[in-house]
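Undergrad: Protein chains in written order, with the working numbering: chain R, 373 to 711; chain S, 2 to 424.
These are computed hints drawn from the structure, not numbers from a lab. Accuracy of the hints is not assured; some may be wrong.
[Claimed, not checked] Taking lysine to aspartate or glutamate and the EDC-like style, the derived pairs with C-alpha atoms no more than 16 Å apart in a straight line are:
no., chain 1, residue 1, chain 2, residue 2
1, R, K562, S, E233
2, R, K562, S, E62
3, S, K311, R, D658
4, R, K458, S, E233
5, R, K606, R, D415
6, R, K438, S, D66
7, S, K303, R, D415
8, R, K438, R, D415
[Unchecked claim] Not everything, but these chain R residues come out facing chain S in the computed CB check (under 10 Å):
no., residue
9, D415
10, E461
11, G496
12, A537
13, R541
14, G628
15, I629
16, V655
Values in this document were obtained by computation on a predicted structure and should not be read as measured data. Cβ coordinates follow ideal geometry from the N, Cα and C atoms, glycine included.
Here is what each chain is made of, one letter per residue.
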Amino acid sequence: MNILCFLIPVLLGSPVPQPKLRVVTTLGVLASLTREVGGERVDAEALANPQQDPHFVQPRPTLMEKARAADLFVELGMQLELWAQKVVEGSGNPRIQPGQPARVVASTGVTALELPRELSREWGDVHPYGNPHVWLDPLNTKDMAANIAAGLEAVDPAHKDEYEANLKRFQERIDEALFGAELVKQVGGKMLTRLARQGRLTEWLAQKQLEKSLGGWLARAAPLAGRPVVTYHKSWIYFAERFGLKLPIEIEEKPGIPPSARHRDAVVALMQAQKVHSVLQEVFYDEGAANYLVAETGAHKVSVPIDVGAEAGVKDYFALVDLWIDKLVGSETAAAPAK
Amino acid sequence: MQTSPRHRSVVPFLIALPYLSAHSSAQQPPESVDNAALQKKLELLQKKQDADLADLRSRIELLEDELARVRASADRPPPQSLGVFNPAITIGGNFLARSDDRPVYLDDDPTQARIGNRMSLREMELDFRAPIDPWADGVLILAVAEEAPDEYAAELEEGFVMLKKLPFSDSAPAGLKLQIGRFRPAFGRMNTLHLGDLPQVSYPRALQNVLGTEGLAANGVSGHFFLPKPGEQDTLQGTLAFLDGGNLPVAGTQSSSDVAGLARVAWYHDYEDGRDLELGTSVWTSGAQHQLYGLDWTYRWKPYIAGEWKSFLVGGELFQAETDDSTLAGSSTGIDVWAQHQFDQGLYAGARFDWLEELDQPGAETSTLGAFVTYYTTEFLRFRVGAEHTWSDVAWLDGLDSIFLEVNFIYGAHPAHPYWVNR
Numbered sequence: 373m374n375i376l377c378f379l380i381p382v383l384l385g386s387p388v389p390q391p392k393l394r395v396v397t398t399l400g401v402l403a404s405l406t407r408e409v410g411g412e413r414v415d416a417e418a419l420a421n422p423q424q425d426p427h428f429v430q431p432r433p434t435l436m437e438k439a440r441a442a443d444l445f446v447e448l449g450m451q452l453e454l455w456a457q458k459v460v461e462g463s464g465n466p467r468i469q470p471g472q473p474a475r476v477v478a479s480t481g482v483t484a485l486e487l488p489r490e491l492s493r494e495w496g497d498v499h500p501y502g503n504p505h506v507w508l509d510p511l512n513t514k515d516m517a518a519n520i521a522a523g524l525e526a527v528d529p530a531h532k533d534e535y536e537a538n539l540k541r542f543q544e545r546i547d548e549a550l551f552g553a554e555l556v557k558q559v560g561g562k563m564l565t566r567l568a569r570q571g572r573l574t575e576w577l578a579q580k581q582l583e584k585s586l587g588g589w590l591a592r593a594a595p596l597a598g599r600p601v602v603t604y605h606k607s608w609i610y611f612a613e614r615f616g617l618k619l620p621i622e623i624e625e626k627p628g629i630p631p632s633a634r635h636r637d638a639v640v641a642l643m644q645a646q647k648v649h650s651v652l653q654e655v656f657y658d659e660g661a662a663n664y665l666v667a668e669t670g671a672h673k674v675s676v677p678i679d680v681g682a683e684a685g686v687k688d689y690f691a692l693v694d695l696w697i698d699k700l701v702g703s704e705t706a707a708a709p710a711k
Numbered sequence: 002m003q004t005s006p007r008h009r010s011v012v013p014f015l016i017a018l019p020y021l022s023a024h025s026s027a028q029q030p031p032e033s034v035d036n037a038a039l040q041k042k043l044e045l046l047q048k049k050q051d052a053d054l055a056d057l058r059s060r061i062e063l064l065e066d067e068l069a070r071v072r073a074s075a076d077r078p079p080p081q082s083l084g085v086f087n088p089a090i091t092i093g094g095n096f097l098a099r100s101d102d103r104p105v106y107l108d109d110d111p112t113q114a115r116i117g118n119r120m121s122l123r124e125m126e127l128d129f130r131a132p133i134d135p136w137a138d139g140v141l142i143l144a145v146a147e148e149a150p151d152e153y154a155a156e157l158e159e160g161f162v163m164l165k166k167l168p169f170s171d172s173a174p175a176g177l178k179l180q181i182g183r184f185r186p187a188f189g190r191m192n193t194l195h196l197g198d199l200p201q202v203s204y205p206r207a208l209q210n211v212l213g214t215e216g217l218a219a220n221g222v223s224g225h226f227f228l229p230k231p232g233e234q235d236t237l238q239g240t241l242a243f244l245d246g247g248n249l250p251v252a253g254t255q256s257s258s259d260v261a262g263l264a265r266v267a268w269y270h271d272y273e274d275g276r277d278l279e280l281g282t283s284v285w286t287s288g289a290q291h292q293l294y295g296l297d298w299t300y301r302w303k304p305y306i307a308g309e310w311k312s313f314l315v316g317g318e319l320f321q322a323e324t325d326d327s328t329l330a331g332s333s334t335g336i337d338v339w340a341q342h343q344f345d346q347g348l349y350a351g352a353r354f355d356w357l358e359e360l361d362q363p364g365a366e367t368s369t370l371g372a373f374v375t376y377y378t379t380e381f382l383r384f385r386v387g388a389e390h391t392w393s394d395v396a397w398l399d400g401l402d403s404i405f406l407e408v409n410f411i412y413g414a415h416p417a418h419p420y421w422v423n424r
């Protein structure tokens with residue numbers, strides 16, 4: 373069949389279709405970014421199911437077999453997917469071993485938050501290189517996409533210009549989606565990105581009387597600014613940093629440590645004191661503790677995926693951020709907690 | 002003194018200046034023209050200023066981006082240190098307290114030390130791992146284990162190099178990985194696991210009967226590779242190994258200088274909703290006198306949503322030994338079946354049944370039924386209680402009741418989760 377696919381275009385005098393680069397990623401969100409940058413030239417597949425906890429994926433032989441055929445392997449890094457190295461080791465694919473050009477760590481160069489000052493298992497399942505949920509801030513995906521583009525260019529230098537153009541287009545789309553097309557046109561994406569990263573965007577827009585030009589996700593997420601939200605795990609720090617939420621406490625007592633009854637009651641007391649509207653957690657966590665908090669406080673439970681492909685409509689990164697904002701704003705603007 | 006090129010270009014201009022000045026004052030333009038010129042000049046100045054500002058802004062942007070990168074790298078732990086090439090070290094400890102209704106002996110051998118009704122730090126295991134070079138990784142696992150009550154001895158559990166690609170071709174045909182040294186060969190599923198990774202407090206009796214109380218570890222060379230897969234969600238893996246013979250029950254009186262061969266084929270199938278199935282078949286042979294055949298299966302359900310809170314595993318192994326050795330039964334069959342259900346994030350319960358024909362006591366059969374409850378505080382600390390009842394044609398074993406408390410702890414580098422377990 374493969375020979376026929378090659379021969380028929382040759383006989384008809386049409387250009388021979390070039391085989392696509394096989395890119396294997398750990399997470400669906402990385403596959404989505406790879407498709408944005410690689411376009412038609414790549415065939416990207418994620419190993420983790422988008423509904424499952426990315427910390428705990430079984431390095432099954434079927435995943436190793438997929439990695440065996442990869443031209444490029446993309447992982448997030450920061451010790452989120454410790455299972456990825458087991459998959460790579462089992463794949464027997466020399467191209468994607470650590471340090472090879474075909475092994476991309478997408479979080480390289482992204483500023484990490486919550487870097488632990490002290491490393492000890494006493495603090496739970498801490499990540500020594502900082503909180504790894506970097507893709508929950510849309511601005512970080514611009515750097516992640518740049519790392520993926522560099523990886524694609526390394527294994528396929530003939531199409532460097534195409535990857536660069538796709539990367540530029542993706543970064544512009546992120547700017548427009550985050551700040552709104554009108555503001556990006558007036559000020560420029562680079563300037564806005566820098567102001568947002570410095571935490572001076574709101575102040576600067578007020579100085580320049582440009583508040584009304586702000587659109588996109590930031591405008592839609594305006595009701596979230598300053599609102600306290602309880603989350604299950606320390607996954608949402610990057611999202612909170614970008615959209616102005618406050619995260620006063622987690623349901624987990626420490627990362628990876630299930631909540632004790634005493635800790636749950638402390639969370640209830642804090643939620644009542646701070647009038648918390650929303651309990652936010654990823655779909656892969658058990659809902660028992662969140663249901664308890666909701667029953668005790670009357671807050672709303674917001675259960676969302678954090679990976680692309682976890683729900684029918686979430687086909688790319690843009691749809692994923694849309695979902696987070698829609699659900700959280702819906703909860704925050706709904707009736708106040710009854711208790 | 003030589004005139005520079007720049008000076009040379011200025012000299013004609015200076016000579017012509019008086020003439021140009023006179024010419025200019027002789028033809029004074031009307032006021033409207035003057036305004037237009039000024040306007041033009043202003044526009045030019047404005048454009049220049051805009052260009053200068055844009056240039057400055059881009060320089061600031063570059064500097065700020067550079068500063069952000071420097072800050073980001075300064076926030077991270079230093080990428081290099083003197084110890085960076087040292088292996089990752091993990092330490093595991095396994096403690097067992099047991100109570101039995103009669104004397105119990107080491108290796109089920111009444112001529113050896115009694116191990117019942119006592120507490121024991123069974124072993125402390127030191128695991129060192131590091132890449133050796135672009136071609137190979139190194140693994141060393143040392144155990145300090147209790148050989149007899151209060152008698153500890155250090156032993157090499159595993160020490161091998163894993164070649165990830167072939168030096169002469171710089172590739173890995175069929176995903177070939179070569180394991181060279183001392184390791185736990187891939188005979189069945191449980192034999193590849195270390196004591197602390199087992200789903201019960203001990204290796205299945207059926208396995209102990211033919212491979213030894215702690216399973217088989219041997220010196221040799223083992224190749225692991227992929228075979229053509231039958232479907233998109235399937236994987237076929239093959240293993241071929243040449244090992245030192247002897248040193249395990251099924252080898253009987255053979256010495257380690259007799260080479261043994263091992264082959265295994267395992268089929269894995271992934272279902273869409275977090276279920277998977279593994280079926281494996283293994284053969285070990287040493288000369289014409291000693292053959293061991295095995296079948297193993299593991300079915301797992303671990304849903305993607307809340308999969309860290311609920312799961313179910315069921316598995317088993319079948320062993321068939323054929324020997325022509327006067328010290329052993331000519332033929333011996335053994336089977337174990339086990340299941341485990343997860344009730345909460347750290348709570349599991351399960352059971353195991355073993356039946357076997359005693360290899361070293363022809364005609365004798367033994368069966369054991371056990372149940373256990375396991376609780377993890379985190380993946381690094383595990384408590385397990387269990388109870389077993391044994392029926393046997395071996396007089397001292399028949400009717401044995403035992404209860405166990407096992408504590409397993411791990412510290413050091415973060416261990417990657419083994420393929421089969423839930424945590």
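Undergrad: Determine for every hint whether it applies to the structure shown.
TA: The hints, checked one at a time:
Distance check on the hinted pair: K562(R) and E233(S) sit about 44 Å apart at the alpha-carbon level, beyond 16 Å; violated. Note on K562(R) and E62(S): the hinted pairing holds, with a Cα-Cα distance of about 8 Å set against a maximum of 16 Å. Straight-line distance between C-alpha atoms of K311(S) and D658(R) comes to about 9 Å, which keeps the hinted pair within the 16 Å bound. As the CA atoms of K458(R) and E233(S) are separated by approximately 21 Å, the hinted pair breaks the 16 Å bound.
Proposed proximity of K606(R) and D415(R) is contradicted: the alpha carbons are some 32 Å apart, above 16 Å. Distance restraint check for K438(R) and D66(S): the Cα-Cα separation of roughly 37 Å exceeds the 16 Å cut-off, and the hinted pair is therefore not satisfied. Between the alpha carbons of K303(S) and D415(R) the distance comes to roughly 28 Å, so the proposed pair goes past 16 Å and is violated. For the proposed pair K438(R) and D415(R), the alpha carbon gap of about 12 Å is at most 16 Å, so the pair holds.
With a cut of 10 Å, the hint placing D415(R) at the interface with chain S is violated, because the nearest CB-to-CB distance is about 14 Å. Of the supplied interface hints, the one on E461(R) holds, with its beta-carbon coming within about 7 Å of a beta-carbon of chain S, less than 10 Å. Hint status for G496(R): holds, given a least beta-carbon distance of 8 Å to chain S, under 10 Å. Annotation: interface hint on A537(R) violated; nearest CB of chain S at approximately 20 Å, more than 10 Å.
Using the Cβ-Cβ criterion of 10 Å, the hint placing R541(R) at the interface with chain S is not satisfied: the shortest such distance is roughly 20 Å. Of the supplied interface hints, the one on G628(R) holds, with its beta-carbon coming within about 6 Å of a beta-carbon of chain S, less than 10 Å. A distance limit of 10 Å between C-beta atoms decides the matter here; for I629(R) the minimum to chain S is near 7 Å, and the interface restraint holds. Among the interface hints, the one on V655(R) holds; its C-beta lies about 6 Å from the nearest C-beta in chain S, closer than the 10 Å criterion.
Violated hints for the displayed structure, listed by number in ascending order: 1, 4, 5, 6, 7, 9, 12, 13.
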